[in-house]
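Asker: Those protein sequences? They're chains A and B, same order as listed.
FYI, this note's numbering numbers position 159 of the first sequence as 159, with every residue one higher than the one before it.
FYI, this note's numbering numbers position 66 of the second sequence as 66, with every residue one higher than the one before it.
Heads up, some of the hints might be wrong.
Unchecked claim - Cross-link-like lysine to any residue pairs, in silico, SDA-like; alpha carbons within 20 Å at most:
id: 1; chain 1: A; residue 1: Lys2; chain 2: B; residue 2: Ser179
id: 2; chain 1: B; residue 1: Lys87; chain 2: B; residue 2: Ser57
id: 3; chain 1: B; residue 1: Lys2; chain 2: A; residue 2: Lys111
id: 4; chain 1: B; residue 1: Lys87; chain 2: B; residue 2: Glu14
id: 5; chain 1: A; residue 1: Lys2; chain 2: B; residue 2: Gly153
id: 6; chain 1: B; residue 1: Lys111; chain 2: A; residue 2: Lys2
id: 7; chain 1: B; residue 1: Lys124; chain 2: A; residue 2: Ser179
id: 8; chain 1: B; residue 1: Lys156; chain 2: B; residue 2: Val130
id: 9; chain 1: A; residue 1: Lys111; chain 2: B; residue 2: Leu9
id: 10; chain 1: B; residue 1: Lys156; chain 2: B; residue 2: Asp181
id: 11; chain 1: B; residue 1: Lys111; chain 2: A; residue 2: Asp12
Stated by the list, open to error - Footprint (simulated), chain B over chain A, 3 or more residues, beta carbon under 8 Å:
id: 12; region: 30-39
id: 13; region: 58-66
id: 14; region: 93-107
id: 15; region: 152-161
The hints are simulated quantities; they were obtained by calculation from the structure and are not laboratory data.
Built from N, CA and C at the ideal position, the CB exists for glycine as well.
Protein chains: 2
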Amino acid sequence: MKIPLETVLPQDIETRSFAIIAAELGDRVLDPLQAPIIQRAIHTSADFDYADNLIFSPHAVEKAWQALRQGAWIVTDTNMAKTGVNKTALRQLGCEVHCFMADEDVAQAAKANGTTRAVACMEKAASLKVPLIFAIGNAPTALIRLYELIREGRLKPELIIGVPVGFVNVVESKELILSLDDVPHIVARGRKGGSNIAAAICNALLYQLVDRAY
Amino acid sequence: MKIPLETVLPQDIETRSFAIIAAELGDRVLDPLQAPIIQRAIHTSADFDYADNLIFSPHAVEKAWQALRQGAWIVTDTNMAKTGVNKTALRQLGCEVHCFMADEDVAQAAKANGTTRAVACMEKAASLKVPLIFAIGNAPTALIRLYELIREGRLKPELIIGVPVGFVNVVESKELILSLDDVPHIVARGRKGGSNIAAAICNALLYQLVDRAY
Numbered sequence: 001m002k003i004p005l006e007t008v009l010p011q012d013i014e015t016r017s018f019a020i021i022a023a024e025l026g027d028r029v030l031d032p033l034q035a036p037i038i039q040r041a042i043h044t045s046a047d048f049d050y051a052d053n054l055i056f057s058p059h060a061v062e063k064a065w066q067a068l069r070q071g072a073w074i075v076t077d078t079n080m081a082k083t084g085v086n087k088t089a090l091r092q093l094g095c096e097v098h099c100f101m102a103d104e105d106v107a108q109a110a111k112a113n114g115t116t117r118a119v120a121c122m123e124k125a126a127s128l129k130v131p132l133i134f135a136i137g138n139a140p141t142a143l144i145r146l147y148e149l150i151r152e153g154r155l156k157p158e159l160i161i162g163v164p165v166g167f168v169n170v171v172e173s174k175e176l177i178l179s180l181d182d183v184p185h186i187v188a189r190g191r192k193g194g195s196n197i198a199a200a201i202c203n204a205l206l207y208q209l210v211d212r213a214y
Numbered sequence: 001m002k003i004p005l006e007t008v009l010p011q012d013i014e015t016r017s018f019a020i021i022a023a024e025l026g027d028r029v030l031d032p033l034q035a036p037i038i039q040r041a042i043h044t045s046a047d048f049d050y051a052d053n054l055i056f057s058p059h060a061v062e063k064a065w066q067a068l069r070q071g072a073w074i075v076t077d078t079n080m081a082k083t084g085v086n087k088t089a090l091r092q093l094g095c096e097v098h099c100f101m102a103d104e105d106v107a108q109a110a111k112a113n114g115t116t117r118a119v120a121c122m123e124k125a126a127s128l129k130v131p132l133i134f135a136i137g138n139a140p141t142a143l144i145r146l147y148e149l150i151r152e153g154r155l156k157p158e159l160i161i162g163v164p165v166g167f168v169n170v171v172e173s174k175e176l177i178l179s180l181d182d183v184p185h186i187v188a189r190g191r192k193g194g195s196n197i198a199a200a201i202c203n204a205l206l207y208q209l210v211d212r213a214y
């Protein structure tokens, strides 16, 4: 079978993809700081809904950059999202990414308290004494617990990336985060999101701060 | 802020999600062997397009099960997809999942040959002497190389899960796989897909073979 392929060098595929995405977004005006994040979410999903559903609190991008320049830790709610965050970029900034979902103490705490493991993860993360960015692509219960911890004065994250995907309490959990005036956030309103979107947003933030010629 | 949440026990969230997905699919008739795979792709993306774009070659599911019962290796083109495949389920069947993208010999081969690393990964995998399932969620170049290796008689995989996402040669690479009459495949026709979808399809296949009460 003969199928004509577009000739693009390996190192040019991403640039070409972003050009196609920009072209298809047409004359839609995106905030220049938000555009690379929106475009990378579309790049990772081929789903243009992210041009409409990604909501940024005021100055969320600048605040995220500030935290990343201070060596923030990114905490994810899946090992998939953790795997997807670019380690070379993190290293250049002195940042780290962590996921506690597979930790034995988290499994025990979740069982003892009758919560999801994601809730136990958020409680474990809340005790960390470093600037924290949460990247939640799976568990609405993680977002709900983050909201409670913030309201209880036990947590003040630098940024919440609130993009769990799904059908049970997902929409509601995101509305809770959107209601937080005092915590920077990037939220995919509605049902859509995922570990891939969480990682893509982290990477979009990182790539604007580092030299990607690696 | 008060947002009413649905009360669902942690262990019941997935069941409830699948019930919602089934309800929203309405009276659409899905093949009973394909339905759990289609529904899990929707579950992982909240994108009902997967009800339309997932194409199964004849008996793809039964052939995948046969391979998994024989201890097949799943080869992915991203570490994210590898991370997303359920390890407990794999262990129960004596299967393994591998990704060669970060291997030093793959980086060298890609550089020497001017290919993507994904192409070098497929060539490395083609030399393995075990039943192989390919789960490609990212790189169209991986699918194109698989097609060539099969046509050259150098590879006979048990199944290709062809779900790369993107904008450059993605659609075309999937059409190549769809044209293979002699290789079982599950393909997300069009631009959509991703590492999350690749892992979700693997897990949907695995979950129908194992006891999930872990």
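Asker: Look at each hint and say if it fits the structure.
Answerer: Here is what the structure says about each hint:
| no. | hint | verdict |
| --- | --- | --- |
| 1 | Lys2(A) <-> Ser179(B) | holds (10 Å) |
| 2 | Lys87(B) <-> Ser57(B) | violated (26 Å) |
| 3 | Lys2(B) <-> Lys111(A) | violated (27 Å) |
| 4 | Lys87(B) <-> Glu14(B) | holds (18 Å) |
| 5 | Lys2(A) <-> Gly153(B) | holds (18 Å) |
| 6 | Lys111(B) <-> Lys2(A) | violated (27 Å) |
| 7 | Lys124(B) <-> Ser179(A) | violated (50 Å) |
| 8 | Lys156(B) <-> Val130(B) | holds (11 Å) |
| 9 | Lys111(A) <-> Leu9(B) | holds (12 Å) |
| 10 | Lys156(B) <-> Asp181(B) | holds (12 Å) |
| 11 | Lys111(B) <-> Asp12(A) | holds (15 Å) |
| 12 | 30-39 | violated (count 0) |
| 13 | 58-66 | violated (count 0) |
| 14 | 93-107 | violated (count 0) |
| 15 | 152-161 | violated (count 0) |
Hints 2, 3, 6, 7, 12, 13, 14 and 15 from the earlier list are contradicted by this structure; the remaining hints agree with it.
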